[in-house]
Amino acid sequence: MRQIIIIGSGPAGFTAAIYAARAGLQPLLIASSVEAGGELMKTTEVENFPGFPDGIQGPELMTKLQEQAEKFGTEVLLDDVTAVDFSGDIKKISTGYSGEFEAQAVIFATGSAYRKLGLEDEERLSGRGVSWCATCDGFFFKTKTIAVIGGGDSAMEEATFLTRFAEKVYLVHRKDSLRASKIMQERAFANDKIEFVLNSAVVGINGENSVESLTLENTVTGETSQLDVQGLFVAIGNDPRTHLVHGQLDLTAAGTIAVAGRSSKTNIAGVFAAGDVIDDTYRQAATAAASGTVAALDAEHYLAGLAEAGAIAELREAEHEVSLVEAVASRR
Amino acid sequence: MSDAKTVTDASFDTDVINSEDTIMVDFWAEWCGPCRAVSPILDQIAAEHSDKIKIVKLNVDDNPQIAAKYQITSIPAMKVFRGGEVVKTIIGAKPKAALENDLADYLA
Numbered sequence: 004m005r006q007i008i009i010i011g012s013g014p015a016g017f018t019a020a021i022y023a024a025r026a027g028l029q030p031l032l033i034a035s036s037v038e039a040g041g042e043l044m045k046t047t048e049v050e051n052f053p054g055f056p057d058g059i060q061g062p063e064l065m066t067k068l069q070e071q072a073e074k075f076g077t078e079v080l081l082d083d084v085t086a087v088d089f090s091g092d093i094k095k096i097s098t099g100y101s102g103e104f105e106a107q108a109v110i111f112a113t114g115s116a117y118r119k120l121g122l123e124d125e126e127r128l129s130g131r132g133v134s135w136c137a138t139c140d141g142f143f144f145k146t147k148t149i150a151v152i153g154g155g156d157s158a159m160e161e162a163t164f165l166t167r168f169a170e171k172v173y174l175v176h177r178k179d180s181l182r183a184s185k186i187m188q189e190r191a192f193a194n195d196k197i198e199f200v201l202n203s204a205v206v207g208i209n210g211e212n213s214v215e216s217l218t219l220e221n222t223v224t225g226e227t228s229q230l231d232v233q234g235l236f237v238a239i240g241n242d243p244r245t246h247l248v249h250g251q252l253d254l255t256a257a258g259t260i261a262v263a264g265r266s267s268k269t270n271i272a273g274v275f276a277a278g279d280v281i282d283d284t285y286r287q288a289a290t291a292a293a294s295g296t297v298a299a300l301d302a303e304h305y306l307a308g309l310a311e312a313g314a315i316a317e318l319r320e321a322e323h324e325v326s327l328v329e330a331v332a333s334r335r
Numbered sequence: 068m069s070d071a072k073t074v075t076d077a078s079f080d081t082d083v084i085n086s087e088d089t090i091m092v093d094f095w096a097e098w099c100g101p102c103r104a105v106s107p108i109l110d111q112i113a114a115e116h117s118d119k120i121k122i123v124k125l126n127v128d129d130n131p132q133i134a135a136k137y138q139i140t141s142i143p144a145m146k147v148f149r150g151g152e153v154v155k156t157i158i159g160a161k162p163k164a165a166l167e168n169d170l171a172d173y174l175a
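Residue numbers (the numbering used here), protein chains in the order written: chain A, 4 to 335; chain B, 68 to 175.
If you are wondering where the hints come from, they were derived from the structure by calculation, not from laboratory data. Be a bit skeptical, because a hint or two may be false.
As the list claims (entries may be wrong) - Restricting the straight-line Cα-Cα distance to at most 16 Å, the calculated cross-link-like pairs of lysine to aspartate or glutamate (EDC-like) are: (1) B:Lys72 - B:Glu167; (2) A:Lys178 - A:Asp156; (3) A:Lys95 - A:Glu105; (4) B:Lys163 - A:Asp82; (5) A:Lys145 - B:Asp128; (6) A:Lys178 - A:Glu198.
With the rest of the complex left out, here is chain B:
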């Protein structure tokens, strides 16, 4: 099981929108195989770059409001937030090197 913090419809404003940190939200669901596959890789990236980015998880089954607000239609979907705005969207499970490449601007 992932150690990443869980965010919800109720906590999203506090935990993500109003946060001072760079936060990547991993939109996932229990029934999504690729979501389970990419989860440990996200944990590794979070651990290796804990000073740069925080990674949190939002279960789309339990939190339909936020999933709908950000028009999620494909998971895993990973959105990077800075100052309450989405600055980067990554769709689909990818190997670690590809994810690090996509996230280069936020990990440096």
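Isolated chain A (complex conformation):
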């Protein structure tokens, strides 16, 4: 049995691993088989992670975090968690190919998954013009016209990145104002290739074998219109990845894992949660890293408590034995 297992390999998971490893807990971090490194693996320049004044590429940042975690004794497993059982004192974790693991404490940091538009033709045309990864697929839209859907930082970043390839990028957003940070908005506004289409919701994706156009609905007037594009990049937000713990951990109304106050404590003793899976508000690499720190410290404290309780129980047992021996001796 392990003292601690960390599920997830984004900034929260790896930062928790750095702290837990430095505390001598020899954590096992289950990173996933194909999504190790998390969301930052799909981004380009990260300009707002403290300590990198010249920015750093998302994948490089994740590689460095992993190196730092491994340096202090974290074991990283590239496998997927398929089930968890948090019902007993010993937490059980099943994986795709590496069997079952047991731990006294678990940090759950599975992050979030891309939200889909939920349109009929989205799945059919995925890989045929519909994409969720600008850094992967932007290359294929050289001199094409494309649309980015969303109003947050990721939508601005993707739209700006995609102008390297595309002839024109429409930025389509449901509202008349953007949620994105000022610097990201200004960068997108200043880009000649980006045209904003606000107050517009995508209600249809059209095309026989590949994306040819979108049907937009004006969210104010209700009028529909066609927008000719060959590509569609969806950046409308993320949903916390909680399917493994449904029925075991309490969730909030927003769908994140519920934790007590500013701590990482879930409703089950010994199970801690960190990063985007508990946060639908800030969702930054730096806040996820901080959240991972909190979880590692909470887990460390919990394990110290278990060790202390264990030591006291052993002591009591020893005292009990001594008193039995004495009692027997006194009878003779």
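Fit chain B to the known structure of chain A by using the hints.
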């Protein structure tokens, strides 16, 4: 680095289209993180089912003609060829079990 054979615009007809084997082409690029993540899993599948399927790699950066011909707009993209025709397309990096499930008809 993967042991999988590399195919190119120039060799595609010989290596894939005119091949008698079932061949899966992994369309990838250096700058695609999910492509790098799925690559070792494809190697494992190839090794475990070498009598059923051969997996080859095509770098879309270096081989734009074939990438355009098969209308690749999202990578990793994996296309299974039999007798010169595409019989199956898989888009995106997936865990091994999911890929094996997608490929069930060609691994049995």
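Would the hint linking Lys145 (chain A) and Asp128 (chain B) be met if the CA-CA limit is 16 Å?
Holds, because 12 Å separates the two Cα atoms, which is no more than 16 Å.
Tell me if the straight-line CA distance from Lys178 (chain A) to Glu198 (chain A) falls inside 16 Å.
holds, 15 Å
So if I understand the rule, the pair passes when the alpha-carbon distance is 16 Å or less; does Lys72 (chain B) with Glu167 (chain B) pass?
The hint is violated at about 20 Å.
Agreement of Lys178 (chain A) and Asp156 (chain A) with the hint, judged by alpha carbon distance not exceeding 16 Å
holds, 15 Å
Decide if the proposed pair is consistent with the structure: Lys95 (chain A) and Glu105 (chain A), CA atoms, cutoff 16 Å inclusive.
holds, 5 Å
With the threshold set at 16 Å, check whether the alpha-carbon distance from Lys163 (chain B) to Asp82 (chain A) stays at or below it.
holds, 9 Å
The structure is inconsistent with hint 1 alone, although it conforms to all the rest.
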